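If you read the sequences in order, they're chains A and B. Be aware that the first sequence starts at 27, since it is given in this note's numbering, and climbs by one per residue. Be aware that the second sequence starts at 27, since it is given in this note's numbering, and climbs by one per residue.
In case anyone wonders, no lab produced these hints; they're calculated from the structure. It is possible that some hints are incorrect.
As the list claims (entries may be wrong) - Some chain A residues flagged as far from chain B (calculated, every beta-carbon gap over 12 Å):
{"#": "1", "residue": "A92"}
{"#": "2", "residue": "D238"}
{"#": "3", "residue": "I581"}
Said to hold, decoys possible - Computed footprint of chain B on chain A, listed as stretches where at least three residues anywhere in the stretch have a Cβ under 8 Å from a Cβ of chain B:
{"#": "4", "segment": "138-144"}
{"#": "5", "segment": "204-215"}
{"#": "6", "segment": "219-225"}
{"#": "7", "segment": "400-413"}
{"#": "8", "segment": "462-474"}
{"#": "9", "segment": "678-691"}
Model, not experiment: these values are computed from the prediction. Note that beta-carbon positions come from the ideal geometry of N, C-alpha and C, so glycine has one too.
So the chains spell out like this:
Protein chains: 2
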Amino acid sequence: MIFLRDNVLLDSELSLDHVKPRLLGHWGTCPGIILVWSHLNLLIRDQGLEMMFVIGPGHGAPAALAALWLEGSLEKFYPGQYDRNEAGLRNLITRFSVPVRSHINSETPGAIHEGGELGYALAVSFGAAMDNPDMIVTCLVGDADMNSAWHAIKYLDPKESGAVLPILHVNGFKISERTIFGCMDNKEITSLFTGYGYQVRIVEDLEHIEEDLAASLAWAVAEIRKIQAAARSDNPIIKPRWPVLILRTPKGWSGPKKVDGEFIEGSFHSHQVPLPKANKDKGQLEALQEWLSSYDIGSLVPKGNPSDQILNTLPKEDSKKLGQIKASYNPSIGLEEVEWKPFGVEKGQDASCMQTIGSFLDKVFQANPKRIRLFSPDELESNKLAAVLDNTGRNFQWDEYSRAQGGRVIEILSEHCCQGFLQGYTLTGRVGIFPSYESFLGIIHTMMVQYSKFVKIAREVKWRGDLSSINYIETSTWARQEHNGFSHQNPSFIGAVLNLKATAARVYLPPDANCFLSTVDHCIKSKNYVNLMIGSKQPTAVYLTPEEAAEHCRIGASIWNFASTPLSEGTDPDVVLVGIGVEVTFEVIKAAELLKTLCPALKLRVVNVTDLFVVAPDERHPHGLTRERFIELFTKDKPVMFNYHGYPAELQGLLFGRLGMHRMQVNGYQEEGSTTTPFDMMLLNAVSRFDVAKRALTAGAESNEEVKAKLNDYLGDIDKRVQGIRNFISDNGKDPDDMYEIAKFE
Amino acid sequence: MIFLRDNVLLDSELSLDHVKPRLLGHWGTCPGIILVWSHLNLLIRDQGLEMMFVIGPGHGAPAALAALWLEGSLEKFYPGQYDRNEAGLRNLITRFSVPVRSHINSETPGAIHEGGELGYALAVSFGAAMDNPDMIVTCLVGDADMNSAWHAIKYLDPKESGAVLPILHVNGFKISERTIFGCMDNKEITSLFTGYGYQVRIVEDLEHIEEDLAASLAWAVAEIRKIQAAARSDNPIIKPRWPVLILRTPKGWSGPKKVDGEFIEGSFHSHQVPLPKANKDKGQLEALQEWLSSYDIGSLVPKGNPSDQILNTLPKEDSKKLGQIKASYNPSIGLEEVEWKPFGVEKGQDASCMQTIGSFLDKVFQANPKRIRLFSPDELESNKLAAVLDNTGRNFQWDEYSRAQGGRVIEILSEHCCQGFLQGYTLTGRVGIFPSYESFLGIIHTMMVQYSKFVKIAREVKWRGDLSSINYIETSTWARQEHNGFSHQNPSFIGAVLNLKATAARVYLPPDANCFLSTVDHCIKSKNYVNLMIGSKQPTAVYLTPEEAAEHCRIGASIWNFASTPLSEGTDPDVVLVGIGVEVTFEVIKAAELLKTLCPALKLRVVNVTDLFVVAPDERHPHGLTRERFIELFTKDKPVMFNYHGYPAELQGLLFGRLGMHRMQVNGYQEEGSTTTPFDMMLLNAVSRFDVAKRALTAGAESNEEVKAKLNDYLGDIDKRVQGIRNFISDNGKDPDDMYEIAKFE
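Please model the complete structure; the sequences and the hints are all you need to start from.
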């Protein structure tokens, strides 16, 4: 696949023009992958196992594709293209690496993990095993990978979930150096993985590797069954020692031993293309001929048809083949719906968005005991989401005193594990929610981007079904991390989602608890998106009834008349004030209240945006408001002052192309903060009611003579108020009670 | 510190108004930190060690601040405020948590790590130890942290670098659950850390904890000395087993045992504030009185002056106190300069930016054998930076065959380790460079943001000196990841840097090898910035001589007359074409060439931007061009077409506020890609020469009648060319040779 564009069955001597013009691919890891895949086939054939195979080294695609061709899974999903005959084999080989991809991705049958960014194949596997009690997910981890979720076994309940069978593939080399695992001897490796909590078996007898691997896999499955049987007969093993296999095979095994005096097999030189000049150099071409002939493809696959000997090693039922497991491509499990409005809060009250949705999610969990999970980096209590634990547990198995018996919640202080679990769980048809401190969600930025790429391609793959969206909830935002300080103030994950394809990305900043409820309900029912919801865990004002909230969320942005100056139909205000985000919207409302007393002549309109993408031009995002609707909200030419939760440049980028950009001002988090008071955070970032009011007055004075006449008085009055509050904060170490009631924030 | 705003020496019975109105802080981890700090003092006192202390649990600030007060380090850096007397002690206690921070940060003497985001205190410690042969960095790792760089000992040469002494602090609980380490027994922990390559010693005898810890620390230092002595007498131990201590103490040790029937000491309830109602509830106030009295502060610190018994435990020399180690706050080591221009490439040639700077960096390394390092996630060869290895080594100690003897390069396949090393190394006064595949640098997005926050505050701290910048080089960008495919195409790290404070962030996209040389030279000499440089590893056109490159980089953006239509002074072009980034600039140049033949009537100006921030309004960034200069380059009102390497919305956000935004069009990476050819990547993202040419014609036709008259012909002609190339690519699996010479890209 790496080399040939013709003569794929070696019917004649190789010539230079049989070799592709561009040699691409990663050979080194492939022999080990094919070895494992073949043995998994035997195991499934003999035991009828339900198994998935997650391959960490995603650039080992040639091995995966060869196995998929052999088992007929390519034929099933790409009929007429890669059938099990000469033409199909020829296509498979000659179309690599374009259009057949050189890396495993969502076009690959059986794949639920792309690779590329190392380190989380294992976490994805655990996510796939959760609530899939009969599934064994075999996961191959490359030995260069130092980021894996090895501790994750401690979060898998053997009764309600399936199993992950990790295989650490130690071939000793990365792209240009030895690996850490490759330099560890068997004692060190056994010690390390025993420490993680595994039973370790090392597979390394190259002379008898087939027998060794077959026996080791059978042992591993038997151990898994033992652990599961105990748990399922309500006699669980305390700290069960799940099996792990350490597979030591030479990198690029069976390839050329030496080329131009350099070792290839068993060295980093086999990582990509071992004979890089095979399309130009006669000597390398001969080496290629010798190498490829050594497999005797004519007898293994006579005329492109796999021999019976090989076919007999495959699982009998198609649906058990690793490339055709339904959970890997069309899992289609929905949720039992729960009506959200009964959890709504009375308008005019204060309520915590998180406490409100916590109760709703508790009900959703009860209605869906095996189809939805929440993955959290240990902040549920702190994020005021503890209500989700009212009827389910945390699922941490290693604490012998807690006697955890499954449950909908995983709390593990590793964002990487949470994201991997989320992906594996979602890709196998279930629904996941990932709440986090706002500042630490960015830790999985690149994983999220890679996932969204996987899904983008998956949407183009005809045989893949819909997936639930992945759902992030950011709380404990910078606006209320005044007590934890600057290091806990980082809204940059919004930007990561904004840069995804418009078809995939959704960002919501619901202004109150009822809007948050409506948004969560929408998100967990939606398909194929990356949903990001941002809100407060502290009690905040509730502006809308549940019915009003539903409508506001449906249209994404509305004029809030209750906060605006009453104007006759068709009259434009002097200034439009826009809040996007809970706390900054509250400041906008307070600014409008202040201005109503201070300067009644100023005509204000207050708008709230709950669906961030409405501000983008509609040709750039499907949620973008039409030009007409945009003008309805923001006028044609009046000054618009945005008070935005995130970084201003993000919103400016979104607004680019909208009518009259010069009249728009955007303020938001500007990397100012510290350990201070909540209101001081607003002042530091110039999004306080006073900043908003000053901006409104200054902009309004341009068209309103009454305002203009007394502008300096107004501004002076406001400055005095600010100084008073600054003094109060510095004297008392807290905000005045009429800013925020401190007690609420504890 | 968490509780009292008055009566800090407990001179009278506590009353409710002695207690702060807002109770903030994290008690649980503090007793262990103070225990370790005190013992480190003893050790330094007795052995005269050069030691730094990196504390992973950054919210244990009260413990660190108390120790710093006691050793007089607060007095040194904040004279008159926190002296070692009653007034100073009173300030220390009452000013916590505002203005004294509740988390360790750069205002904390001795601190080079902030905490917040867990998982990399250990990597930072290793970075600090590198090339500091006499330094022992003690690192305390909390037991909730599952991300640490435990394998990093394998990259520390005991001859040229110092040592890290990790202490895993197992107190068993996170914010609301047990920890994984806390649930592992001594056998499991010993096994795990033995597997990582350590000698493990468990410190847990609570009855004799003082003796146990003192003896264990002395043992650890002796083991470190043994390993170092062997290496330094050129008789290195193969796979040296560095010591690690596992410290088991109850969470919140010595605090209240039980409150309202709930266990506090030794449970997660002690994580933050154990008596949260001590300012309102008489019962809790009494418990507070009992607890605080138990320390007998009157005899330990009579009238606020530490007793001799305590003072005797401190290091004798101030400069060895953990809070006053010079390397932690004013390391001030510069680089020996190397002239870059001799490494320049002849104008008109093709050259790889990476190969070119590789040779320069090799020379810089030779001139600075202990003051600069390169940290790379295993991609040096692949990124064509291998020249940096010409005179130094990779430093991986665990490979017994390589006999690594130190060196300037660390290649470890963990971006998190690379970033941690980089931080520790830079914060202790040296210079670090972190090259990476573009798509995977975002993995350390949040770490970079946290680092820049640390530095922002450090710049405001009077007693801290300048630091070298941290320097990122992104290569193997999306534009040339056509062979690795979609998962390897992700320029989002640019956005992360753009959102930093303007005073800290610098982003460069040098258009050719000479500009890249000039930029690298500038960056490694610069101070206190986050520098991001983006370029190509493939040979690309060299447009400027070294002298021209130096000038172009100095001013950040220039009109490239050689590519523009010759116009008389003062005449505006019809259209301005702007390239920002190597490949997209090449496409702009090619578009201009094409248009010169196809439509000579169209008056074009070609601009290249190498310093991204010049486009931002000058009130937003110090590099922003003045309005006048902006008009000189981009005219007042002509259409400006940006061909940008990153996401369009980023650049749009930067441009927001510039004159005439409606005339600007931005194209860039739009999340389209696959395994394909280099030129197809340009087509897919609409940044190819043909896309640029069509945009230029369409925009130019608005003001140029000649162009307008034949516009449809021109566009049709271009569409035909595109179709021809698409056909060629699909027939041949490669680009036509006149697009890019394929051979160059292998």
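For each hint, the structure was consulted:
1. Look at A/A92: its CB is around 17 Å from the nearest CB on chain B, clear of 12 Å, so calling it non-interface holds up.
2. Consistency note on A/D238: stated as away from chain B, and its beta-carbon is indeed over 12 Å from all of that chain's, at 22 Å minimum.
3. For A/I581, the requirement that its beta carbon stay farther than 12 Å from each beta carbon of chain B is met, with the minimum near 23 Å.
4. Counting residues of the segment 138-144 of chain A whose beta-carbon sits less than 8 Å from any beta-carbon of chain B gives 5, enough to reach three: the coverage restraint holds.
5. Counting residues of the segment 204-215 of chain A whose CB lies closer than 8 Å to any CB of chain B gives 7, which reaches the minimum of 3, so the coverage claim holds.
6. Here's how the segment 219-225 of chain A fares: 5 of its residues keep a CB closer than 8 Å to some CB of chain B, so the rule of at least three is met and the hint holds.
7. Beta-carbon proximity to chain B at under 8 Å applies to 5 residues in the segment 400-413 of chain A; the threshold of 3 is reached and the given coverage holds.
8. Residues of the segment 462-474 of chain A lying with their CB closer than 8 Å to a CB of chain B number 6, which satisfies the three-residue condition for coverage.
9. With 8 residues having a Cβ less than 8 Å from any Cβ of chain B, the segment 678-691 of chain A passes the three-residue criterion, so the hint holds.
Of the numbered hints listed earlier, not one is contradicted by the structure.
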